[in-house]
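**Q** As a plain string of letters, each chain reads:
Number of protein chains: 4
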Amino acid sequence: MTNLLWPGDQRAGELMSDPTLLASMVAVESAWLDALVAAGLAPDQCTGADLAGLVHAADCELLAAESEDGGNPVIGLVALLRDRASAEVSRWIHRGLTSQDVIDTGLMLATRAIVDELMLQLAEQISALSVLATIHRGTPMVARTLTQNAVPTTFGVKAATWCNGVVDAYQQLSALAIPVQIGGAGGTLAATTELAALAGHPNPAGISVELVQSTAATLGLDLRMPWHTTRSSVTAIGDAFVGCTDAWGRIASDVVTLVRPEIAELSEPAAGNRGGSSSMPQKRNPVLSILIRRAAISAPPLGATLHTAAALANDERPDGSWHAEWETLRILARRTVVAGSQCSELLAGLEVHPAQMAKNLGNADVLGEQRVIAELVGKVPSGNYFGAVDALIDESLDRAKRIVKEHP
Amino acid sequence: MTNLLWPGDQRAGELMSDPTLLASMVAVESAWLDALVAAGLAPDQCTGADLAGLVHAADCELLAAESEDGGNPVIGLVALLRDRASAEVSRWIHRGLTSQDVIDTGLMLATRAIVDELMLQLAEQISALSVLATIHRGTPMVARTLTQNAVPTTFGVKAATWCNGVVDAYQQLSALAIPVQIGGAGGTLAATTELAALAGHPNPAGISVELVQSTAATLGLDLRMPWHTTRSSVTAIGDAFVGCTDAWGRIASDVVTLVRPEIAELSEPAAGNRGGSSSMPQKRNPVLSILIRRAAISAPPLGATLHTAAALANDERPDGSWHAEWETLRILARRTVVAGSQCSELLAGLEVHPAQMAKNLGNADVLGEQRVIAELVGKVPSGNYFGAVDALIDESLDRAKRIVKEHP
Amino acid sequence: MTNLLWPGDQRAGELMSDPTLLASMVAVESAWLDALVAAGLAPDQCTGADLAGLVHAADCELLAAESEDGGNPVIGLVALLRDRASAEVSRWIHRGLTSQDVIDTGLMLATRAIVDELMLQLAEQISALSVLATIHRGTPMVARTLTQNAVPTTFGVKAATWCNGVVDAYQQLSALAIPVQIGGAGGTLAATTELAALAGHPNPAGISVELVQSTAATLGLDLRMPWHTTRSSVTAIGDAFVGCTDAWGRIASDVVTLVRPEIAELSEPAAGNRGGSSSMPQKRNPVLSILIRRAAISAPPLGATLHTAAALANDERPDGSWHAEWETLRILARRTVVAGSQCSELLAGLEVHPAQMAKNLGNADVLGEQRVIAELVGKVPSGNYFGAVDALIDESLDRAKRIVKEHP
Amino acid sequence: MTNLLWPGDQRAGELMSDPTLLASMVAVESAWLDALVAAGLAPDQCTGADLAGLVHAADCELLAAESEDGGNPVIGLVALLRDRASAEVSRWIHRGLTSQDVIDTGLMLATRAIVDELMLQLAEQISALSVLATIHRGTPMVARTLTQNAVPTTFGVKAATWCNGVVDAYQQLSALAIPVQIGGAGGTLAATTELAALAGHPNPAGISVELVQSTAATLGLDLRMPWHTTRSSVTAIGDAFVGCTDAWGRIASDVVTLVRPEIAELSEPAAGNRGGSSSMPQKRNPVLSILIRRAAISAPPLGATLHTAAALANDERPDGSWHAEWETLRILARRTVVAGSQCSELLAGLEVHPAQMAKNLGNADVLGEQRVIAELVGKVPSGNYFGAVDALIDESLDRAKRIVKEHP
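Chains as they are written, first to last, in our numbering: chain A, 1 to 408; chain B, 1 to 408; chain C, 1 to 408; chain D, 1 to 408.
Certain hints may be false.
[What the hints assert, rightly or not] Rough simulated footprint, nothing fancy, chain D against chain C, three-plus residues with beta-carbon under 8 Å:
1. 38–49
2. 156–164
3. 221–233
4. 285–293
5. 311–322
6. 325–336
[As the list claims (entries may be wrong)] Computed spacing ranges between beta-carbons, pair by pair:
7. B:G378 with C:K405: 56 to 62 Å
8. C:G383 with A:A264: 25 to 31 Å
9. A:N273 with B:R91: 17 to 23 Å
10. C:K405 with A:A264: 55 to 61 Å
11. C:Q171 with B:P202: 57 to 63 Å
12. D:I135 with C:G220: 52 to 58 Å
13. A:N273 with C:K405: 49 to 55 Å
14. A:N273 with D:Q171: 57 to 63 Å
[Unchecked claim] Far from chain C, some chain B residues (derived; all Cβ distances over 12 Å):
15. A85
16. S127
17. A150
18. T245
19. A271
20. S298
21. K401
FYI, nobody ran anything at the bench for these hints, they're computed from the structure. Using N, Cα and C, we set each Cβ at its ideal position, and we do this for glycine too.
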């Protein structure tokens, strides 16, 4: 996938693309059918039905166009699967499911891949930032507050505080549940319970619950009982994605300041045509940071939309708010992956200019507080004013180390 | 275009699609080149250069992928045009322009088509609502406030107040300026002024201004001097789009209530498979209203993103906020067109059930206020309590008529 | 009013404070009662009833606490007015109105004062910016794009483009309708129509419409028929407020960059303790710009809330979305006034440092484009590269002049 | 505190009011001073300095007005404390701190009280919902999807799914870290490190870290190294608050539907004047649900503002985004407490009407799916179609039980 108006979109590859989601939805139907067979509700002839082989990326367009009739693409998908499957399999496809089950669980499956990718990116960045914090532990620079020179610091501390934000984003992602969502027509698992009852099972509801469990296991999703109108899983995922763009946006906001020619303490990695201009040959623009900031500016309102949708979820399937989630989640997810990839590239190749940092520090009056403190105790100021930078860096490196270990 | 996660997306056709935007950007380059020739700055050999013929929808993908280097697709587009044009034309392409000029003006050109389509939709809806307000001028129903029965009203008044909202949306759209944005590298029109100066023009800056004027005229856009960091045109457009989805969302919010089986005063138009369910054969879901509400719920945060971007616009080209606008505007624009088309269909075929309205009204105690008023003046209540419904309907029809006249 | 967490809040004085809104709501009741008397519906004894004298700022707290019962403060207010008025007046207070009429129209009355204040602020700023654009018409500085040096410009052009944004905000405000909203219990003006009918009026609905007209005239508000669920007036006002903070936010975003010590082309006005630090005696922070940016960052989501509320407005009085508007509008309105006042102060005293601008320009390579252009036509570059700055400034000054004239 | 435009505001009492925040900020200064003494950096005479006694609620107004100079109220607060304290104490107040430390940590202290209150509310609601789910385990009603009748369910399941959302909100809150934020002027703890160095401590940075630790312990806050520009703690808190309003908003969205007179399956608790109308004596409006929905509609954009602020956090103290957080967090926090209190009242007194539920179910065709399923296996449909409702309720009650246990 590419997007003329979202440069870098291709970095997200086919994650959450229409074909990917189609495949995810088919995987849900397939796992469910397998579960029906395993539970003895659907006949053995359905074993190994290759539903995935029945649909193709090329089906997306027609399914998408038809999806308006039912308000979602599942009705068309089920019709298509039933049409293409063998007669016996056909009869059993989608039994016990409702559209929402397939869409929600399909989205979660695609989200799982997004989250995995993001965690890899974050782990890479944590490594890169640990190196920067270590190397520049003692590289002096100005700490700036409210745009003005404040006190001395080191670039290592800045990298360490960036790292803290990235570690926070990692931990938020890793705490996410990405659950299966299967409840049937009204969230009561009635159809499979009926099937089990009619088949004479002593505990038909228990069979339904087991079907959900085994489908979750097959798909590699977390188990959760139906959450058709309890959308906290979706909002938590959205918040975690925005948590990522916050962490990167803040780094990029520092970079766009520090690469200004009058400050010139950092440069973006130089690579090929990156940063060129259509009219000014001499320019080198901090294009990675700019594109990351773009994502960070536009992510929070998308997260808010997911919350608004959650708050308006009425009945046993909401009348519009649920439908607002899907594409919002996709846009947010892909943009997060793109920004993450750009941030990894940015941090891996970030050029640090210690001499310029030293020069700017030299030009700044940053010892006002130290003078006040020394006067307070009637002493001569000590030889430096870097405070606890080493301790802060060490603490940050410790947090980082635990995560990097998990991603060898 | 279709979108598996945004059912109905195909209603927006190719409006603002990647190929459409590519063509828009080429149209900008082309109009500008023509202007350079007409002003005598570029040589006559450039006359009639068919830039549009040099690029194809198939170029979108590569241009999009390359766009990350410069942060936008124009550098790649200019390279491609120069590569494919004749040598003489090639030398003159994009002279005096900067990427932002091409993107901003290209987006405005595509926006112009969106706005035209929306105004047609709104005019259709105003016609349909005028008919509903006229036919049901005297169809009694309950006025509900805070979910409870309040006083009697007529469905004609409801249609008239819906119409007022749609008329407001129309007027907001029709007041929009959709301007050309051309300022050159730093917003000073320096390159063309230099060209004119070197060519010996007595008023070289005047030539630059005329180039902008004639480009606006060629493209059918409003004239405005460079607004590279004054983004009020973009926010006004976004606000007007959200104004549309507000007007429709409010109608749809009424419809999803009034089609509930216990109320049953309205039905969505019955057509083909619309409103079907994947598991419950008996259902008929108000799918148009649901999809309209989806758009209405997700539009305001997109409008907000455009404002945030406008507020953060620094320097002579912002470091991220500008880049956040493009895709946000596109998503908002296309969704607005889709929702408008759905609302037109909804209103054209809306089924009104006067008998059920009368029945619900009969079951409701809605004369409490009338009793109080009559007691206040010591009289017997009058024969009805419909207030000024006719006057309100007439006033709304008058507003509507003026607009319908413009769209025969 | 002051607010410990919103420094500068006192600049908005009592605009839209609880006491002001209480007075506004009483003014609505009062104007309506006068209209009833003038129309012969209420008895002459109600003439000149001094409702405003019956309530006091001290009533706010109790009314606010009681407001939860009815969901709004009007029930309590009406009870209080009736309790304190003479018997004859008491019987006629609020007849024909509903809570929503009083709240909506009361809010519009308070909004009117906000808009008037904002237009004064904007006119002041337009004057100040016109002066800056004129004085610094020829003050050279670097045009920066994507954080990097691009081409030469002048500070006059920057001031002129700032001015263009402020003029846009002014025009958006001045185009606002700020309408009366009176519709009675269900938006049908039934109670007064009943009163007129029982009194034997030949056209009782016409009397109701006249009551709305005369109330609008008394209150100095625009006329509009009931818009209880057509909330476009509110969203337009919200959008216009955000339009203001966008215009100022963008100026402040430039200032926070240009006051950085390494750039140092601007300083905020030096006044008293402004810009001091609690720990660093040497600092001078650009506190006005920082506080303006704060407002600009937080305004767009508030505007979005108004739109969401508008889109969800169902029935004849919505079940929650209407209630979300009031405080959102107030917060947005007051913050806009505060930011406007801060921006006026900022622009009135902005210190411009031409020597530093020249120095930064001298250090920058900004003639790359000019060289390319000159090569293109095989000539030696002209003596400067300021393009059409004078023409752009003149065009901006022209727009400004028309507005300044209206505010002598 | 009361708020004329936010009915119910008084439910939040003085939580996060200006006086409460003033006291919180003084508590921070006080805990820090104690830590300085305990570490031997400040003299023993400062022991037991009663800073809290030096300021009063009445100081808020002046401090707020003056806060604009420094951009925050701490400069004025420190001046006031130093002015009122004894000479020896005065000299040592605020040494090593910066404004941001006091504001951030003061806000966290006030947030701690908010979170505690919310957890109590949520636990109450979980109890109430557990009772409803248990009592109505077998109370049949219609499951509605996309506004239409779908399949049978029981009200117990609805209560259980509401409960799941509330439990999610509880768990999100209970997982929050609410940390101390102390970093000194530039986030390096330089001043106290200098003090310790000048006093001859062998590990002066270690002393600084210990000061932060002991301050956190004194204040009952979580420990975290300086997060002046790593705002994930703030966004996580905001997200958790919005998580609460989501959970409640969704309940309220169900209630406003089910109390409609045509449906009439639920009533809000009847109490005093709650739900009355200013013009229609017969009405009983679902005012609690309406006010909860109001909060749920307006919360997500406030959460988004906190994220935007986090993403824009540059330098060692940001130039506007930090300032946007404070009041946003307060508004969101107080509204969340108000909505939570209203939701507790709603759930504690919610009236359920099983007969009406049965009647609506009887009128609905909800067995379409069951017929299809029975046909599929060639059997007669079983006696009911409630699926796994008991299992789902049990699972929800289990989750609830663990939380209720913690709040005896």
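**Q** Look at each hint and say if it fits the structure.
**A** Verification of the hints:
Check result for the stretch 38–49 of chain C against chain D: violated, 0 residues qualifying (beta carbon to beta carbon below 8 Å, three or more required). For the stretch 156–164 of chain C, the assignment as covered by chain D is violated, since 0 residues bring a beta-carbon within under 8 Å of that chain's beta-carbons and 3 are needed. Counting residues of the stretch 221–233 of chain C whose beta-carbon sits less than 8 Å from any beta-carbon of chain D gives 0, not enough to reach three: the coverage restraint is violated. Counting residues of the stretch 285–293 of chain C whose beta-carbon sits less than 8 Å from any beta-carbon of chain D gives 8, enough to reach three: the coverage restraint holds.
For the stretch 311–322 of chain C, the proposed coverage by chain D is satisfied: 4 residues have a C-beta within less than 8 Å of a C-beta in that chain, meeting the threshold of three. Restraint check on the stretch 325–336 of chain C versus chain D: 5 residues with Cβ-Cβ distances below 8 Å, three needed, restraint holds. Against the hinted window of 56 to 62 Å, the Cβ-Cβ separation of G378 of chain B and K405 of chain C comes to about 58 Å, which satisfies the hint. Restraint check, G383 of chain C to A264 of chain A: a C-beta distance of roughly 29 Å satisfies the suggested window 25 to 31 Å.
Our hint of 17 to 23 Å for N273 of chain A and R91 of chain B holds, since their Cβ atoms are close to 21 Å apart. At roughly 46 Å, the beta-carbon separation of K405 of chain C and A264 of chain A lies outside the given 55 to 61 Å, and the hint is violated. For the pair Q171 of chain C and P202 of chain B, the beta carbons lie near 34 Å from each other, so the given range of 57 to 63 Å is not met. At roughly 57 Å, the beta-carbon separation of I135 of chain D and G220 of chain C lies within the given 52 to 58 Å, and the hint holds.
Hint check: N273 of chain A to K405 of chain C, Cβ distance near 51 Å, so the stated range 49 to 55 Å holds. For N273 of chain A and Q171 of chain D, the Cβ-Cβ distance of about 49 Å falls outside the hinted range of 57 to 63 Å, so the restraint is violated. Distance to chain C confirms A85 of chain B as a non-interface residue, since its nearest Cβ pair spans about 15 Å, more than 12 Å. The Cβ of S127 of chain B sits about 18 Å from the closest Cβ of chain C, beyond the 12 Å cut-off, so the non-interface label holds.
Residue-level check failed: A150 of chain B sits 5 Å from the nearest beta carbon of chain C, not beyond 12 Å. The non-interface label for T245 of chain B is inconsistent with chain C: the shortest C-beta to C-beta separation is roughly 6 Å, within 12 Å. The claim that A271 of chain B lies off the interface holds: its Cβ sits roughly 24 Å from the closest Cβ of chain C, which is beyond the 12 Å cut-off. A Cβ of chain C approaches the Cβ of S298 of chain B within 12 Å, the least distance being about 10 Å, so the stated non-interface status is violated.
The Cβ of K401 of chain B lies farther than 12 Å from every Cβ of chain C, with a closest approach of about 15 Å, so its non-interface assignment holds.
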